[in-house]
Every structure is written in structure tokens, then in C-alpha cells.
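Construct all of the structure, not just a fragment, from the sequences and the given hints.
Residues 1 to 384 in the UniProt record's numbering are what the sequence shown lists, from first letter to last.
Rather than coming from a laboratory, the hints here were simulated on the basis of the structure.
The model shown is predicted, which means the values in this text are computed figures rather than measured ones.
Check the hints yourself; a few may be wrong.
[Stated by the list, open to error] Computed cross-link-like contacts, EDC-like style, restricted to lysine to aspartate or glutamate with a CA-CA straight-line distance of at most 16 Å:
no., residue 1, residue 2
1, Lys160, Glu270
2, Lys322, Glu270
3, Lys215, Asp328
4, Lys218, Asp120
[Unchecked claim] Cβ pair distances, simulated, as ranges:
no., residue 1, residue 2, range
5, Asp213, Gly127, 38 to 46 Å
6, Pro368, Arg209, 23 to 31 Å
7, Val361, Phe110, 37 to 45 Å
Don't be surprised by glycine CBs; every beta carbon is placed ideally from N, CA and C.
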Amino acid sequence: MYANGFVNNFGLVPVRRVELKRRGSGRRLGHILASKLTRPTSTGSPAYAYFHTVKPPSFKALHGVLRTKGVLIRRRRVINAAGETEAPMINTTGERKRTSTFIVGLLWFFAHQLIGIANDVIMKHTGSTLAVVQVVFLRFAFATVTMLPVMFASGSDSFKTERLHLHIARSILLAAAIALYCKGLSTAPIAVVTTLNFTIPMFTLLLARLFLDEKVDKTRWLGTLTGFVGVTVVVQPGGASFNPMWLVVLLSAALFAALDVLNKIFVGKESFWAMIFYTAFFTTLISAYPAYLSWVPPSTAQLVLMAFLGGGANLLLYCLLKSFSLVDASALAPFRYIELLWSAVIGALLFAEVPATSTLVGAAVIIPSTLYIVWAENKKSKGD
1 MYANGFVNNF GLVPVRRVEL KRRGSGRRLG HILASKLTRP TSTGSPAYAY
51 FHTVKPPSFK ALHGVLRTKG VLIRRRRVIN AAGETEAPMI NTTGERKRTS
101 TFIVGLLWFF AHQLIGIAND VIMKHTGSTL AVVQVVFLRF AFATVTMLPV
151 MFASGSDSFK TERLHLHIAR SILLAAAIAL YCKGLSTAPI AVVTTLNFTI
201 PMFTLLLARL FLDEKVDKTR WLGTLTGFVG VTVVVQPGGA SFNPMWLVVL
251 LSAALFAALD VLNKIFVGKE SFWAMIFYTA FFTTLISAYP AYLSWVPPST
301 AQLVLMAFLG GGANLLLYCL LKSFSLVDAS ALAPFRYIEL LWSAVIGALL
351 FAEVPATSTL VGAAVIIPST LYIVWAENKK SKGD
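This is the structure:
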């Protein structure tokens, strides 16, 4: 509102000129001559501020607030009466929060990998005397038992769920994926099975794009493909002849990827405790009958290890779900290859296994690819 009546009560004093520019271009949106707010005169007139504009800017431009790539930025160049230019004010709170969220989510994902390797060590030790399906049954049976105190401590509401069918679907996917993976181990060389199992990120990227509508940019595709090349160098599957049964391993990889995507759908809609408990409970039921068919009485030491394995399974899933709640599933997909490096370190410490040259060469490919993803994500979080 530009009323001349305000000028009669206030002397117009040009204090400063505010120039607002759109980021990335030099287009001038307008400038403002602001009057100096004075006290009411003896006539008792109210103290109104008067604005005269040559080219009225929009409300957003008037306040100097621009939004670029989802990051709130305050771009405001102020020229005072002396002709001096003040420094722009930039709000970096959003940038730092997004970067720290990505790093925290990545740390949760690494914790998930390390716990998984520890569980594999226990399963490798007990699997030499017990059937694999029996180990799976005992693992999830103890996982169910160890979750009960947490569920009761959280109150009866922690058992409530409106998505029981999805919990059952997750358990079926988990049981089927493990069964197919074990079947693949019996028909294909271990190097081939390991390589095909690392195609999980490929399926995750595809399924996350189809069902979660996550944006999968070229950075994530490039990081995943480069990591797969590094895995191929490590396992060296080149000399093996193709067997149609290897498709079973690919199918298990697709099921594991579907499980990851389903976990992502669950996050924010169900409590972590309900997801962990019902997954362990229904997987125990699914594997109970096959375990009964091949049951071997376990020793006390084996039962203790199975108890640790069950608790580790709960913690493993918690870390995975926590990471998915902070970072897109497709963004975490390339970092699955780091698990191969963790395995090499644990093998050297516990079993005195010296990494082969191929492992070191593959690591030289895997590490830069994951570091590139970190750099790209941090750059993206800054809105550059």
C-alpha cells in the first residue's frame, strides 16, 4: 500500500538500498528505498513505515528468501547509505543436518554388516555339526525369546500391529531367500555364488525405483556397477562354466533385495520392536518343521552360541532398519561391497587368513567407488 498521507507525517529518509538477486543469475528482482521509522509527531499520528519501490519484487524476493535444490538460502546484498556492501547471509543448518543424517545412517549400516559377520562366524562354527536349517531355526527361536523382555517392557501396545500380513510376507521372503542360497551353494562353485549374491544392490536399485519411487541417479548406478567390478576381481569366477542352477542364486539375491525394499516400506509405519519380534517369530514357525526333520541334539556350548546368535540377529535387523530410516535404500546399496572387506579383516584376525592379491586389488576398486558415493552425497546435500 502506497499512501501519500503517510508522507505528511514522516520525512522520507533513504537509509539503504536492498538488491535481491536470484542465485545463479544476475537478474535484478528489484530494489527498495526504505524510510527511517520515526517516532509519532506531536499530532499523535501512528508510526507507520513507508516503502517506495521502483520495481516491486515478490513477497519471497522482498524477504530475500530463495530456495535452490531443496536448501533454504538467504541471499541478500545490502548497500547502505555510504555505498558499502554487506556480506550475504546464508542459512547452512539444513545442509549440515542432511550431511550428518547420511553419515549416521551409513554408520548404522556398517554396524549391521559387522554384526552379520560375527553371526556368520558363529554359524560357520556350529554348522559343521548341526544342519543348516536347524541353525536357522535355533537362531530365530532364540531371537524370539530374547525379544520378549523388550516387548513386555515396552508395554502391551508394542505387540499391536495393523500389518500382520506384511510381517508374514517378510518372514516368508527371509526363509525362502536363505533356502535358495543354501541350494545354490550345493550346485555352484562358492566363487560363483558369492559373486551372484553381490547382485543384491542391482535388484535393490531396480525395486526401490519401481516400488518406492526413489530417485536413482547416475551416481548410485555408477557406484554400484564399479563395486560389482571390484567384487568380480576378488572372487575371480571367470574359469567356471555356467550352470542353469546358478539362476537359483540370482533368485535368492532378488528375494533379499525385495526384503530390503519391504523393510524400507515398513520404516515409519511400524515400530522397530514389532518388526524385529514378528520377523523372528514367524521365521521360527516357518523353519520349525524342516528343522525337525533333520534334528540333531545340540550341546550346551552350541546352545549358548545359538543364544548369542539370536540376540545378534535382533541387533542386526535393528541396525539395518535404523539405517533405512535415515538413508534411501538405493543410496546404501553400493556399500554392501564393504562387507567383503570386513570379512577379510575378520578372517585375518580369527583364522590367520592372509588376504590374496586379488582381494587387495578388488579392495582398491571397491573403496574408491564407495568414497565417490560419499563425496557425491555430501555435495548433493550442500545443494551444489
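Consistency of the hints with the structure:
Distance restraint check for Lys160 and Glu270: the Cα-Cα separation of roughly 9 Å lies within the 16 Å cut-off, and the hinted pair is therefore satisfied. Pair hint Lys322 plus Glu270 holds up; C-alpha atoms about 12 Å apart against a cutoff of 16 Å. The hinted pair formed by Lys215 and Asp328 meets the criterion: a straight-line CA distance of about 9 Å does not exceed 16 Å. Simply put, Lys218 and Asp120 have alpha-carbon atoms about 33 Å apart, too far for the 16 Å limit, and the pair is violated.
Distance hint for Asp213 and Gly127: a CB-CB separation of about 40 Å, consistent with the stated range 38 to 46 Å. In this structure the supplied range 23 to 31 Å holds for Pro368 paired with Arg209, their Cβ-Cβ distance being about 25 Å. The hinted range of 37 to 45 Å is not satisfied by Val361 and Phe110, whose Cβ atoms lie roughly 23 Å apart.
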